[in-house]
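Read off the chains here:
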Amino acid sequence: MSVPTTGEAAREALDRAALSRAWATPAGWLGWLTSANHKSVALRYIVTAFGFFALGGVLAALMRLQLAHPESRLIGPDLYNQIFTMHGSTMMFLFAVPVMEAMGIYLVPLMIGTRNVAFPRMNNFGYWIYLAGGLMLWTSFVLNIGPDTGWFAYVPLSGPAFSPGKRVDIWAQLITFTEIAALVAAVEIVVTTLKMRCPGMSLNRMPLFVWAMLITAFMVIFAMPAIMAASTMLAMDRLVDTHFFNPAEGGDALLWQHLFWFFGHPEVYIIFIPATGFVSMIVSTFARRRIFGYPAMVLALIATGFLGFSLWVHHMFATGLPMLGESFFTAASMMIAIPSGLQVFCWLATLRGGRVVVRAPLLFALGFIALFVLGGLTGVMLAAVPFDLQAHDTYFVVAHFHYVLIGGALFPLLGAILFWLPKMCGRMPNERLGRWSFWVLFVGFNVTFFPMHLLGLGGMPRRVYTYATDAGFATGNAVASVGAVVLTAGVLLFAANIAWTLRRGAPAGDNPWGGETLEWATSSPPPIYNFVYLPTVDGQAPLWSPHERPVVTGLRTDVREILITDPIDATPDHRQRLDGASIWPLLTAMAGTAGIVTALFTPWGVTIGALLLLVTLTGWFWPRAAAGHEHAEEAP
Amino acid sequence: MSRQALDVSALPTIAYGPRATIWWGVLGLIAIEGTVLAIVAVAYLYLRQNFVAWPPEGTPLPALGAATADLAVLLASVVPMAAIDWLSRRERRRLVAIGLGIMVLLGLASLGLRALQFAGALGCRWDSHAYGSVVWTLLGMHAAHVLTSTFENALLMAVLLIGPVERKDFVDAHVNAFYWYFIVAIWVPTYALVYLAPRWL
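Heads up: the sequence lines are chains A and B, in that order. First residue of the first sequence? That's -6 in this note's numbering, and the numbers climb one at a time after it. First residue of the second sequence? That's 47 in this note's numbering, and the numbers climb one at a time after it.
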């Protein structure tokens, strides 16, 4: 290692000062509303998503309380319907997808060595529209007009004939909000990943988490349009009397199921693939070696991305589709176990070949492997049509998808939070609390959800608000409810650890875990511009490389300038200026919200929204000197 | 120098086409909107299975006149848009603004012809039956694209005329053309599906 000369140190200090000025956001609450920095927007996103996670968790606890003993009269059927609909919609649309994309928005620019995301203001807009959707849903629930037809809102139940009132309309518009936000974040991640990697980071050197986010973002781009189209058709059926799902006028109820699951199944992988990215980073860091089988891992992610789109009909085996079609989807559903299994073996091989240091984040990753294998196995069982017909709509399915979603996504996410918390806040989490929270969560989770397999095989249907005393479901449900208490305690322990870290955690330093990727090369928390000099890399694990790599110079420090590189090889291509903080994304989100909420009541909402958007978008794009862009020559 | 450096100060600050991030952003938008259109087109074919006759009995075949004129206008609009694209890369402020003015007029012409299609050529309402719902949606979705893009053309023209003009405005004008090509391109299958397919199906 060479020591910088005095002249260099002085110049670096000057560059730091200039960059801080160029990238600064306004102080105070205005800065909070207008910030275009990927880290502030992502942290807001993550905190908000965990807020919704807590709300969804409270609903889950209420359901376990209700089901703890037979013939309970605590919650009536109408409220129970709202509760499970709100639980599913909140966890899927307001927690799982947003939190994964938010982790990507925080980490991807740091891992690829750039200063921000490609479209910083769009990023901020996406957050506000997401928040507006969540607030609309929860306000309606509090006002007792929350949706009550399940997170999948099957027609004809959700159609105008069987669900009068505004409940389902609110669900349909929630989809509009959250899909806009998810799509904005997805395009953001794709463009940032493909065009802004630091010099030398060709695709085959990209960290596996970045690969995972890239593939997830592509899946969002091709899966979300299905639910947007479907929920718009549903809203129109309800509001302006179209007949997409009305069999009396040639509409079709199964069309809804096809469109919903064409989105709904990829959705599972949209949540799961980022989680595999967390696990790969955590495992290789604590095994102190590069991940085993990097090319196989990348190919497995790509294969999962494609196969994820060819499984949707396995949600519809009970609808009487042609046998030949069902067989195809059985085969495809079983096939997806291959790339998933391949990843599991690569993680195990990495651990086997490494010098393993056990820390709390690694425990969460190991817990993930165990639980995900169990959830995957029941998934392969459900892929078989005869078994599926028996288990369809029973608690067996509830057990299966909670093993996949909690085991396969929440455990890695919590591990990732502990792993990157030092980077985000500059302080180390409490290791002992971390381990305790893991074991309490792990035990609580299994006690809650394992009995549901048996309940389902015993015939207990999903979405029932109570069951008869002599049905034989009492013991299993009592055990599950006790498990839910333990699980809640685990969540509280985890939250306590976060609170402890923020107040008392020891200073983390740049790279507390000895990680290999570029986010560990900058300070914790990173400065607003991420890196004083953008790095260059010559391998997959730049921080474990023995060579010192050149840094990028010649980018302007007095304006917000970034380096754009080639999508494949990441060779430098040109310099580009980025937009900074602005109030217009928030105003645009408010205009959109006004339109969407008005459209709950009248189709004129679309017109009102369009006119308001016309004003705010003009404001957004109108050039002003303060933006710091390069002026054109005065030519004819 | 004790530390090696990769100096990028000589690189350009403006790029067009796939080199520019905004081009990729627009490509993402195109992927999303193309997928939405494809899904509604699949819904059209799916719903077809529920009908003996398509369009359903009592509903005439959609009349070709206004829609074909619409197709002609949109195809013709590619010429001025390609000119705008070419002039943008050369940062010709006034000529690009004039071109965008022509595009606004062509966009309004297309929207006028679309209104005629809704008013008469389709021969049914959105609430008549599922056929009506899906053809209104297909045409409406496309009209929404033409409308927003026409607004964008007008806004860009105003920016170029009033100023201050930034060099990146020309990149915006260039990707705006890219997006317009997409709108014209998807009208061809939409037209074929709504107006020609019922004659064959």
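Check each hint, because a few of them may be wrong.
To give a feel for the contact side, a few chain A residues facing chain B, derived at Cβ under 7 Å [unchecked claim]:
hint, residue
1, Leu176
2, Ala246
3, Gly532
4, Ala534
5, Leu536
6, Gly547
7, Asp566
8, Thr591
9, Leu593
Okay, the calculated bits of chain A under chain B, using three or more residues with CB under 8 Å as the criterion [claimed, not checked]:
hint, region
10, 119 to 129
11, 210 to 220
12, 234 to 242
13, 247 to 258
14, 324 to 330
15, 427 to 440
It should be emphasised that the hints constitute simulated quantities derived from the structure, not laboratory data. Note that beta-carbon positions come from the ideal geometry of N, C-alpha and C, so glycine has one too.
Can you verify the interface hint for A/Leu176: is its Cβ closer than 7 Å to any Cβ in chain B? holds, 6 Å
Against chain B, with CB atoms and a cut of 7 Å, does the hint on A/Ala246 hold up? Check failed: Cβ of A/Ala246 comes no nearer than 11 Å to chain B, outside 7 Å.
With a cut-off of 7 Å on the beta carbons, see whether A/Ala534 makes it to chain B. Where the cut-off is 7 Å and the nearest Cβ of chain B is about 20 Å from A/Ala534, the hint is violated.
The region 210 to 220 of chain A covered by chain B? Criterion: 3 or more residues, Cβ-Cβ distance below 8 Å. holds (count 5)
Counting residues of the region 427 to 440 of chain A with a beta carbon closer than 8 Å to any beta carbon of chain B, are there 3 or more? violated (count 0)
Answer holds if the nearest beta-carbon of chain B is closer than 7 Å to that of A/Leu536; otherwise answer violated. violated, 16 Å
Counting residues of the region 234 to 242 of chain A that have a beta-carbon nearer than 8 Å to any beta-carbon of chain B, does the count reach 3? It holds: at least three residues are needed, and the region 234 to 242 of chain A offers 7 whose Cβ sits within less than 8 Å of chain B.
Chain B over the region 324 to 330 of chain A, status - at least 3 residues with CB closer than 8 Å: violated (count 0)
Given A/Leu593 as an interface hint, is its Cβ closer than 7 Å to any Cβ of chain B? Given a least distance of 19 Å, the restraint on A/Leu593 is violated.
Using 7 Å as the Cβ threshold, decide whether A/Asp566 counts as touching chain B. With Cβ-Cβ at 6 Å, under 7 Å, it holds.
Are three or more residues of the region 119 to 129 of chain A within 8 Å, CB to CB, of chain B? violated (count 0)
Do the numbers back the hint for A/Gly532, that is, is its least Cβ distance to chain B under 7 Å? violated, 16 Å
Of the numbered hints stated above, those contradicted by the structure are hints 2, 3, 4, 5, 8, 9, 10, 14, 15, listed in ascending order.
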